[in-house]
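In order, the protein sequences belong to chains A and B.
Just so it is clear: in the first sequence, position 338 is 338 by my numbering, and no numbers are missing.
Just so it is clear: in the second sequence, position 270 is 270 by my numbering, and no numbers are missing.
A few of these clues could be false.
Same chains, same label: a pair holds when it works inside one copy or across any pair of copies.
Unchecked claim - For lysine to any residue, the following SDA-like pairs were computed, each having C-alpha atoms within a straight-line distance of at most 25 Å: (1) Lys26 with Leu278; (2) Lys313 with Leu54; (3) Lys142 with Met1; (4) Lys9 with Arg120; (5) Lys321 with Gly16; (6) Lys321 with Glu311; (7) Lys169 with Asp5; (8) Lys266 with Asp286; (9) Lys9 with Glu117; (10) Lys9 with Ser61; (11) Lys9 with Asp113; (12) Lys169 with Glu4; (13) Lys9 with Phe119; (14) Lys9 with Asp223; (15) Lys321 with Phe306.
Source of the hints: derived by calculation from the structure; they are not laboratory data.
Protein chains: 2
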Amino acid sequence: MGLEDKIRKVVPYVPGEQPKESGVIKLNTNENPYPPSPLVREAMERLQADRFRLYPDPAASELVSELARTYGLDESQIFVGVGSDDVLAMCFLTFFNSDSSILFPDITYSFYDVWAELFRIPYEQIPLDENFRIRPEDYMRKCGGIVIANPNAPTGRLLPVPEIEKILKANPDCVVIVDEAYIDFGGESALPLISRYGNLVVVQTFSKSRSSAGLRIGYAMADPKLIRYLSDVKYSFNSYTMNMPSIKLGAAVLRDSAYTEKCIAKIIRTRENTAAALRKLGFILDDSCANFLFIRHPQIPAEELFRGLKERKIYVRWWNKPRISSYLRVTIGTDSEMEAFLSALRCLLTDRK
Amino acid sequence: MGLEDKIRKVVPYVPGEQPKESGVIKLNTNENPYPPSPLVREAMERLQADRFRLYPDPAASELVSELARTYGLDESQIFVGVGSDDVLAMCFLTFFNSDSSILFPDITYSFYDVWAELFRIPYEQIPLDENFRIRPEDYMRKCGGIVIANPNAPTGRLLPVPEIEKILKANPDCVVIVDEAYIDFGGESALPLISRYGNLVVVQTFSKSRSSAGLRIGYAMADPKLIRYLSDVKYSFNSYTMNMPSIKLGAAVLRDSAYTEKCIAKIIRTRENTAAALRKLGFILDDSCANFLFIRHPQIPAEELFRGLKERKIYVRWWNKPRISSYLRVTIGTDSEMEAFLSALRCLLTDRK
Chain A
1 MGLEDKIRKV VPYVPGEQPK ESGVIKLNTN ENPYPPSPLV REAMERLQAD RFRLYPDPAA
61 SELVSELART YGLDESQIFV GVGSDDVLAM CFLTFFNSDS SILFPDITYS FYDVWAELFR
121 IPYEQIPLDE NFRIRPEDYM RKCGGIVIAN PNAPTGRLLP VPEIEKILKA NPDCVVIVDE
181 AYIDFGGESA LPLISRYGNL VVVQTFSKSR SSAGLRIGYA MADPKLIRYL SDVKYSFNSY
241 TMNMPSIKLG AAVLRDSAYT EKCIAKIIRT RENTAAALRK LGFILDDSCA NFLFIRHPQI
301 PAEELFRGLK ERKIYVRWWN KPRISSYLRV TIGTDSEMEA FLSALRCLLT DRK
Chain B
1 MGLEDKIRKV VPYVPGEQPK ESGVIKLNTN ENPYPPSPLV REAMERLQAD RFRLYPDPAA
61 SELVSELART YGLDESQIFV GVGSDDVLAM CFLTFFNSDS SILFPDITYS FYDVWAELFR
121 IPYEQIPLDE NFRIRPEDYM RKCGGIVIAN PNAPTGRLLP VPEIEKILKA NPDCVVIVDE
181 AYIDFGGESA LPLISRYGNL VVVQTFSKSR SSAGLRIGYA MADPKLIRYL SDVKYSFNSY
241 TMNMPSIKLG AAVLRDSAYT EKCIAKIIRT RENTAAALRK LGFILDDSCA NFLFIRHPQI
301 PAEELFRGLK ERKIYVRWWN KPRISSYLRV TIGTDSEMEA FLSALRCLLT DRK
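Excised from the complex, chain A in its bound form:
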């Protein structure tokens, strides 16, 4: 057996482009168009570079305690990681450790099957219905675990909490992860259920509603027992995942929820205006509970729009994948970014006539 045979070979997740050229309108990775709270800048000015010589607090207590305060939880119910991707990867490794297939939708966050492949977790992708809805009854059967993005990505569709509760009730023997990366943009969180369901893990992130993708902070909330298992795996992987700046600046982000709420309200307003304008242009789209819209045009191929927009330095997301190749996912930017996006679309539509 040679060197190559001993190496794990995987097809990695491909994140949205991070273009380095300037003047780009970036509507492709669901970042927040508004900067983080001014408290972050203040906290940065108070960071003591001299202390960087020391290891950070492995428990990231300052950050965890602000999260506990924010959500009215006990610190033992919270786990933090390097973005929700790190948290979800650790959850997959910890909770999906059996020979039974885990379940998730065929159209969803495209990292789920990548993690399953990486950790050799058997999985089954359950087709969404013809309207891209999750049917809870599809998830009421013996399985190794369940992961659901809510609102779902890239569709933006929300599954109401009572439907999630049905799934939890039907699956007491496996962990159900609800990935709520986009929940703050109009959805209702399943978080209140963690005290009643010992099999629920709710995962959220600082990258979207909290304007801090660059800091890489995600967190899981669950029964303390599940959090303990998760922490044990994390401490078996890397004792110190959160660096000093992320702990301090993350805590500062949480101290300004008024600011976060204000930005969210603006984004929701922009989203609704953009959705209305797109419908006027003939696009077909459902209501979104996220900071993006999932749109298609009945006549024009999505790939063509994707390339046309890119030529105009407007980046959106398009996947050459079954069932969704006629769609674009468009992040909600500022009002003026969305106007530029709409004008570009108008040009592309006119050029075609």
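Using the hints provided, position chain B relative to the given structure of chain A.
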């Protein structure tokens, strides 16, 4: 099969204590006693909090290119991660992917067996000889891979590069990881061998010689082919591991190698003076090529000294493990910290008479 049966349960690595009380002399986690270069503070002042709303560069190019410049390598030969623990964990997951046992010494960095357990990699711990030396010939046999800390931890002993080359030559069919966390304190790096041995991975860190444990930066250097496999696994785990502050501040650290060299020289001087003083006090210790000393006293149990020092707010490391339970590992601090440590020892020795 119930919920609990589907959960991965592990015994985690236990890092050295990070005491929160003040006035402590911390000689227990091999941190650098000197703050990072003043360039780090400057770079911090230039960080744009407004940009934290965006994802960081997934390739961490600014940091990788400074590493390439520092070591005269191509960027394709470099991989970065959240501390060398993250890098090593990714290496284990990527390169030790067979049913053959991997090999490492019985006395070494105590994370190796934890990673092997976590990822279910079969392993064999090869006893160091009676002088705590690695015998290269023990590693010249069929195996799934090899990992060697050089200088070894917690012994501080160095394996000369020609000996490492023998191991590389004897094992063309598996990856050999040389974990050089402490190499800058007097050892010779195996790095020049990466261009000749496609099975060598050299791992280093910012946490020790570069005074930046709080930033969590580690890196691997190897043939571009190995780096590509490693990156694929990393991108299947978390696209954006390095946050914006770590990329920017890490690059600043590398721009001041003169400062790093100066701190290293001071630490080596302090180490040699401390070693001489300890020998005078009756301690037995070998020469160390790291920023710590591995010491024992022929009469006094290490645990007793460990506790006595802790009462005096001086933290060192002691393991209740076979073969090394009579030893203490003592990080080299500043001259005045080491004087306080030596006086405390003198008191403990006197009290005992």
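Against the structure, the hints come out as follows:
1. Lys26 with Leu278: For Lys26 and Leu278, only the intra-copy Cα distance (18 Å) is at most 25 Å; the inter-copy one is 61 Å.
2. Lys313 with Leu54: between (43 Å within a copy, 17 Å between copies)
3. Lys142 with Met1: between (38 Å within a copy, 10 Å between copies)
4. Lys9 with Arg120: both (12 Å within a copy, 17 Å between copies)
5. Lys321 with Gly16: within (15 Å within a copy, 48 Å between copies)
6. Lys321 with Glu311: within (22 Å within a copy, 63 Å between copies)
7. Lys169 with Asp5: This pair counts as between: shortest inter-copy Cα distance 18 Å, intra-copy 43 Å.
8. Lys266 with Asp286: within (20 Å within a copy, 65 Å between copies)
9. Lys9 with Glu117: Both ways: Lys9 and Glu117 sit 10 Å apart in one copy and 20 Å across, limit 25 Å.
10. Lys9 with Ser61: between (36 Å within a copy, 23 Å between copies)
11. Lys9 with Asp113: both (15 Å within a copy, 23 Å between copies)
12. Lys169 with Glu4: Intra 45 Å, inter 16 Å, cutoff 25 Å: inter-copy only.
13. Lys9 with Phe119: Intra 11 Å, inter 15 Å, cutoff 25 Å: intra and inter.
14. Lys9 with Asp223: between (35 Å within a copy, 16 Å between copies)
15. Lys321 with Phe306: within (14 Å within a copy, 60 Å between copies)
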